[in-house]
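Peer 1: Residue-level listing of the chains:
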Amino acid sequence: MRWLPLLAPTAVIVTVPAAATVYFSTEQAQQAMFPGATFSLVPLQLSDAQRRTMLDRSGVHEPFHADRVWRVSTGGYFVIDEVLGKHERIKYAVAIGPDATVRQIEILEYNESYGYEVRDPAWRQQFVGKNASSTLKLGSDIRNISGATLSSKHLTDGVKRLLVMYELALKGTP
Amino acid sequence: MAALATSIGAPAAHAGEGPFAFIYTLDLQPKGTWQFQQWEWLQAGQSQGDYYFLTNKSEIEYGFRPWYQIGIYLNTEYTYANRNGVDGTTGGPGTNISPDSDPFAPFSGFRFKSVSMEHIIRLLNPYTDGFGFGLYFEPAIGPYGYELEMKLLFQKNLFDDRLVLAANIVLETEQEWQSGSTEYASILDLLLGASYRFADNWSFCVEFRNHREFSGQAYNTADHSAYFLGPTIHYANERWWATLGWRHQLPLVDAFNEDQQSVVVDGRIYGNEHARDEFMLRVGIPFGGKK
Chain A
1 MRWLPLLAPT AVIVTVPAAA TVYFSTEQAQ QAMFPGATFS LVPLQLSDAQ RRTMLDRSGV
61 HEPFHADRVW RVSTGGYFVI DEVLGKHERI KYAVAIGPDA TVRQIEILEY NESYGYEVRD
121 PAWRQQFVGK NASSTLKLGS DIRNISGATL SSKHLTDGVK RLLVMYELAL KGTP
Chain B
175 MAALATSIGA PAAHAGEGPF AFIYTLDLQP KGTWQFQQWE WLQAGQSQGD YYFLTNKSEI
235 EYGFRPWYQI GIYLNTEYTY ANRNGVDGTT GGPGTNISPD SDPFAPFSGF RFKSVSMEHI
295 IRLLNPYTDG FGFGLYFEPA IGPYGYELEM KLLFQKNLFD DRLVLAANIV LETEQEWQSG
355 STEYASILDL LLGASYRFAD NWSFCVEFRN HREFSGQAYN TADHSAYFLG PTIHYANERW
415 WATLGWRHQL PLVDAFNEDQ QSVVVDGRIY GNEHARDEFM LRVGIPFGGK K
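Heads up: the sequence lines are chains A and B, in that order. Using our numbering, read the first sequence as starting at 1 and increasing by one per residue. Using our numbering, read the second sequence as starting at 175 and increasing by one per residue.
Keep in mind the hints are simulated off the structure, nothing from the lab. Do not take every clue at face value.
Within a straight-line C-alpha distance of at most 35 Å, the following computed DSBU-like cross-link-like pairs (lysine-lysine) qualify [unchecked claim]:
| # | chain 1 | residue 1 | chain 2 | residue 2 |
| --- | --- | --- | --- | --- |
| 1 | B | K464 | A | K171 |
| 2 | B | K464 | A | K137 |
| 3 | A | K137 | B | K465 |
| 4 | A | K137 | A | K171 |
| 5 | A | K171 | B | K205 |
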């Protein structure tokens with residue numbers, strides 16, 4: 001009985017987590033980024049040395065899953081990757097053109113309280129034309145989004161890692 | 175004099191959605207967004223008997239600038255104590271028992287404590303500057319006294335921001351009006367914490383506190399130095415988050431005068447100062463994100 005007053009001011013909140021917001025499936029993203037093309041999965045295997053180089057040059061510690069890289073029939077590559085968001089992972093895709101530069105990036109899944117501005121076309125457009133030699137630093141090469149700093153930073157570093165991976169493992173392959 | 179401590183003092187509020195229960199981080203509300211947050215801070219157990227002291231804090235916080243957040247709090251307290259003192263009497267933080275009442279009778283009471291307003295200014299962003307640093311300022315006033323709390327906030331993130339190291343240096347001065355007298359105290363706290371995001375949505379933390387208290391408002395005379403340590407678990411998704419933390423008083427107290435030493439048992443200080451254990455539950459609901 002003596003605990004009864006404790007309950008009055010206590011806000012008890014029970015909420016079922018929302019279902020993940022999926023903006024693009026893999027197939028939808030492929031067709032949006034390379035319309036009309038066909039895609040073949042690349043049997044990519046990265047050595048420890050290559051993974052170390054990717055970490056050193058991008059700063060991204062999250063494991064890279066090499067089984068989500070496709071060769072595009074019209075030239076270039078389509079890659080899906082994930083980086084950490086504030087609470088969950090941000091799933092995104094990068095289209096790399098035959099000239100080894102970023103052709104487009106798309107956010108496939110984003111489930112955070114804030115930071116949805118990373119889906120703005122103008123922000124994503126900043127990556128177009130970047131290659132493995134680009135510095136890709138948030139705040140100088142890529143504009144930081146106030147209120148989405150963590151997402152902006154991790155996506156920027158993630159794109160850098162994919163470009164390094166391309167340079168190490170895909171560039172020049174038939 | 176030292177009887178004042180923790181009755182209106184002690185770690186007050188926190189900001190944004192950090193992973194810790196007791197330690198501030200520099201994760202501020204984005205500009206133009208706001209968040210409701212409810213705090214339930216329970217101090218439990220003294221040297222004997224029963225002792226529970228619950229502080230309830232209802233907060234609205236708002237991102238005024240990308241680097242500046244404000245928060246407004248409504249603070250209430252509930253206390254239940256029964257023969258919890260070292261000498262077998264009833265007392266402890268939050269009891270405010272009249273000298274004329276039976277010292278061996280149980281005490282329970284709920285009261286409005288204060289309203290407070292916090293200001294947090296982030297000078298260095300841990301996500302973009304490599305190291306986070308900020309300033310915190312919170313005045314509080316209520317029918318029983320006022321307090322002024324200032325903090326220096328430090329934060330270092332590692333491993334894609336999975337690992338968060340944070341430190342707070344807390345300076346607090348307070349004045350309490352009760353029983354026909356005015357009492358003064360000042361506090362210097364060092365809070366250290368490490369948090370690791372071990373799975374999506376989940377973080378585990380360890381938090382440490384060294385609490386140093388002084389008589390007078392200008393750190394005049396050292397009263398005691400107490401130590402706390404414990405774990406925290408944090409869950410968050412896009413719609414809400416919750417944090418549950420526990421801090422245990424370590425048997426390492428330094429009591430610097432006879433008055434303080436008289437309420438030390440097995441290396442822990444009680445009296446009107448502290449409890450054996452502290453539990454914190456925080457629940458937050460963010461608003462204003464643009465999907």
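Peer 1: Which earlier hints turn out false for this structure, listed by number in ascending order?
Peer 2: 1, 5
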